[in-house]
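S.K.: Each chain, letter by letter, is given below.
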Amino acid sequence: MADEIKKTDDVNRRQFFLKLGLGSLGIAAAGTAAFAYQYLDPNVLYEPSPVVNAGKPDRYPLGSVTIDVNSGIYIIHSDEGYFSLSAVCTHLGCMTAWKPELNMIACPCHGSKFNEDGKKIEGPAPKPLPWKRIWLNDDGDLLVDRSTDVPPLVPDSYVRV
Amino acid sequence: MAKTVDQYLDDLRGTRVWRSIFRSGTGSSTLKRALAIQQNVFLHLFSTKVRTRMLSFSATWYLGTLTLGTFLILVATGIPLMFYYHPSVPQAYADTKDLQFVVSSGLFLRNLHRWSAHAMVFLVFAHMFKVFYRGAYRTPREFNWVIGVILLLMTLLLSYTGYLLPWDQLAYWAITVGSNIASAVPVMGEKIHFLLLGGNAVNANALLRFYVLHCMILPLTAMFFVAIHFWRIRKDGGLYSHDSEPATVRANAAAAAANAKEGQ
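Residue numbers (this note's numbering), protein chains in the order written: chain Y, 1 to 161; chain H, 1001 to 1264.
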């Protein structure tokens, strides 16, 4: 009788409850992991808006590179028009600065340097500084959307006033 | 006749209260002394017997014990600091300033915490170098070396999370740079960065997350692994001694036998 039971693939009562218990624990553990992940992933962020009002265009004389440290963008008035560059270094996120005496943008943390088009000149930065979408609102203010990159040096990426 | 201090202590050890707590009674026999270690929840992590040679300074330079010492100082100074520190923006910076300039002994506690933190990182590395160059990580102690690597990681994470809490420029940019390194993880880097900071940038959520990690999660995890680390020293045959390693013992026995043969 005992041999007969061993030969079949049937599980006995003890094995059944063991599997049921472990299975339930596994499902509970997976649920807990999903719960923890969802809990730690914030649904609402109290962060500043990605759209920045950079003020009237006449604040920026032709040929100037102006940083707004609080929002981390440059407003650059070039011959082709106004455009905006991210001031956040593409290496590890430090705030870069415009160096008029060198005619370039430099990062204080690890020495990356960029020209005023955002192109990298030297240093560890893996990518050029991205261009940001810029446009004029109805009041004639320059607005920059920090969350939207635009292709560099193409006519659509400039604003002409 | 006046009793000596030892006699008073012996009387104390013989009382019912003492014996109900510590179980082992009076007497300095080897058994009693072994029981005193074995029956104490804290001391039982350690070996009941240690070779005197292993307690000499040159054997370990006491680096592991010193690391534990800095950890205990960090707990003892960190908890009082929590009474005056709010992990919120921009209050955290003001509280740090208050601790330095307004709170009685705040400067002492904060600096003790800071210097001990620096010392602990140094001592952990020194301890690991000492263990490595003595070969004390080898069989049967490989697992304890792995626990040690986890403890190194805990130490570095504690340092890193504590760095943000003063909420000054140094802290802000250090954590900006450090958390951007996490973004370099393939595929899920951006998600790890987001979950670590509780947002897209170092902000109020990041400060609170780092505070909870620094004051609760990481210290408790570190204590858990420290307990295993100490217990494994006992289980792996006590502190490492080259002379009593099985390979050395065998080699010495073989050499002795060869000498004896030559003598015949």
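Treat the hints as calculated values from the structure; they're not laboratory data. As the structure is a prediction and not an experimental result, all values here were calculated from the model. Do not take every clue at face value.
Cross-link-like lysine-lysine pairs, in silico, DSBU-like; alpha carbons within 30 Å at most [what the hints assert, rightly or not]:
(1) Y:LYS119 / H:LYS1097
(2) H:LYS1191 / Y:LYS120
(3) Y:LYS113 / H:LYS1003
(4) Y:LYS127 / Y:LYS113
(5) Y:LYS127 / H:LYS1191
S.K.: So which of the earlier hints does this model not fit?
M.R.: Of the numbered hints, 1 and 3 do not hold.
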